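> Sequence:
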Amino acid sequence: MSFHIVLVTPEIAGNTGNIGRTCVATDTKLHLIRPLGFVINDKTLKRAGMDYWKHVDLEIHDSLEEFLEKYKGNRMFLATTKGGKNYCQYAYEDGDMILFGAESRGLPEKFIEANKAMAIRIPMSGAAEFRSLNLANCANIILFEALRQNGFQGLK
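In this text, residue positions in the sequence shown follow numbering that gives the first Met the number 0: the first is 0, and each later residue adds one.
If you're looking for bench data, these hints aren't it; they were derived computationally from the structure. Bear in mind the structure is a predicted one, so any value in this text is a computation, not a measurement. Just so you know, not all the hints are guaranteed correct.
Unchecked claim - Below 25 angstroms or equal to it, Euclidean Cα-Cα: the simulated SDA-like pairs (lysine to any residue) are: (1) 28 <-> 125; (2) 84 <-> 23; (3) 42 <-> 132; (4) 115 <-> 143; (5) 109 <-> 62; (6) 53 <-> 90; (7) 71 <-> 131; (8) 69 <-> 21; (9) 84 <-> 131; (10) 81 <-> 36; (11) 81 <-> 3; (12) 71 <-> 90; (13) 84 <-> 102; (14) 42 <-> 23; (15) 28 <-> 93; (16) 115 <-> 90; (17) 81 <-> 42; (18) 109 <-> 61; (19) 115 <-> 146; (20) 28 <-> 148.
Start from the sequences and build out the full structure, keeping to the hints where you can.
In structure tokens:
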């Protein structure tokens with residue numbers, strides 16, 4: 000069982016390190032799409048990822064377009080506060096990719112519009128002052144739902 004977490008222009012090293020650590024623990028591939036808001040050897044990234052960072056199955060892409068061309072055959076879910084469906088309403092399958100945008104702005108609007116059917120969201124309070132959850136928390140919530148649906152295959 001193999002899922003992919005894709006971070007499109009992540010800005011905060013600590014979030015990426017935390018997600019990398021989760022990816023190691025779940026045999027999930029991590030994709031980072033440039034530009035990044037930090038350098039890969041950033042001490043904050045390594046502190047959040049602890050000594051697991053060297054074990055991350057990592058692929059770095061120069062642009063969203065390059066990534067999309069390379070993986071055009073894979074099913075992709077766009078995690079966004081603008082998603083039309085609750086993330087639990089899908090049946091996740093081996094090879095699925097879950098894309099997350101930058102912490103400050105999310106995924107590009109045009110990209111979401113062009114892929115509305117695959118835009119998912121995590122239910123939250125409707126309070127106007129509450130915009131979103133932490134990126135690493137969102138990645139963990141959705142990834143573990145995908146793993147749960149598949150019986151945590153390969154994990155103990």
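> Holds or violated: are the alpha carbons of residue 115 and residue 90 at most 25 angstroms from each other?
Since the Cα atoms of residue 115 and residue 90 sit roughly 17 angstroms apart, the hinted pair holds (cutoff 25 angstroms).
> Check the hint pairing residue 115 with residue 143 against an upper bound of 25 angstroms on the C-alpha distance.
holds (23 angstroms)
> Checking one constraint from the list: CA of residue 81 to CA of residue 36, max 25 angstroms. Satisfied?
Holds - the C-alpha atoms of residue 36 and residue 81 are around 23 angstroms apart, at most 25 angstroms.
> Would you mind confirming whether the straight-line C-alpha gap from residue 84 to residue 131 stays at or under 25 angstroms?
holds (16 angstroms)
> Can the restraint linking residue 115 and residue 146 be considered satisfied, given a maximum Cα separation of 25 angstroms?
Holds, at roughly 23 angstroms.
> For the pair supplied as a hint, residue 42 and residue 132, confirm whether the alpha-carbon distance does not exceed 25 angstroms.
holds (24 angstroms)
> Residue 71 and residue 90 were given as a pair; does the straight-line alpha-carbon distance stay at or below 25 angstroms?
OK: residue 71 and residue 90 at ~19 angstroms, within 25 angstroms.
> Would you check the hint for residue 109 and residue 62, treating anything up to 25 angstroms between C-alpha atoms as holding?
holds (15 angstroms)
> Are the Cα atoms of residue 69 and residue 21 separated by 25 angstroms or less?
Given pair residue 69, residue 21 holds - Cα atoms ~24 angstroms apart, limit 25 angstroms.
> Mind checking the alpha carbons of residue 53 and residue 90 for me, to see if they're no more than 25 angstroms apart?
Distance ~31 angstroms between residue 53 and residue 90 Cα, so the pair is violated.
> Does the alpha-carbon distance linking residue 71 and residue 131 stay inside the 25 angstroms limit?
Status violated; Cα separation ~28 angstroms.
> Quickly compare the C-alpha distance for residue 28 and residue 93 to 25 angstroms and report which way the hint goes.
This hinted pair holds, its Cα atoms lying about 12 angstroms apart.
In summary, the structure is inconsistent with hints 1, 2, 6, 7, 17 from the numbered list given earlier, while agreeing with the others.
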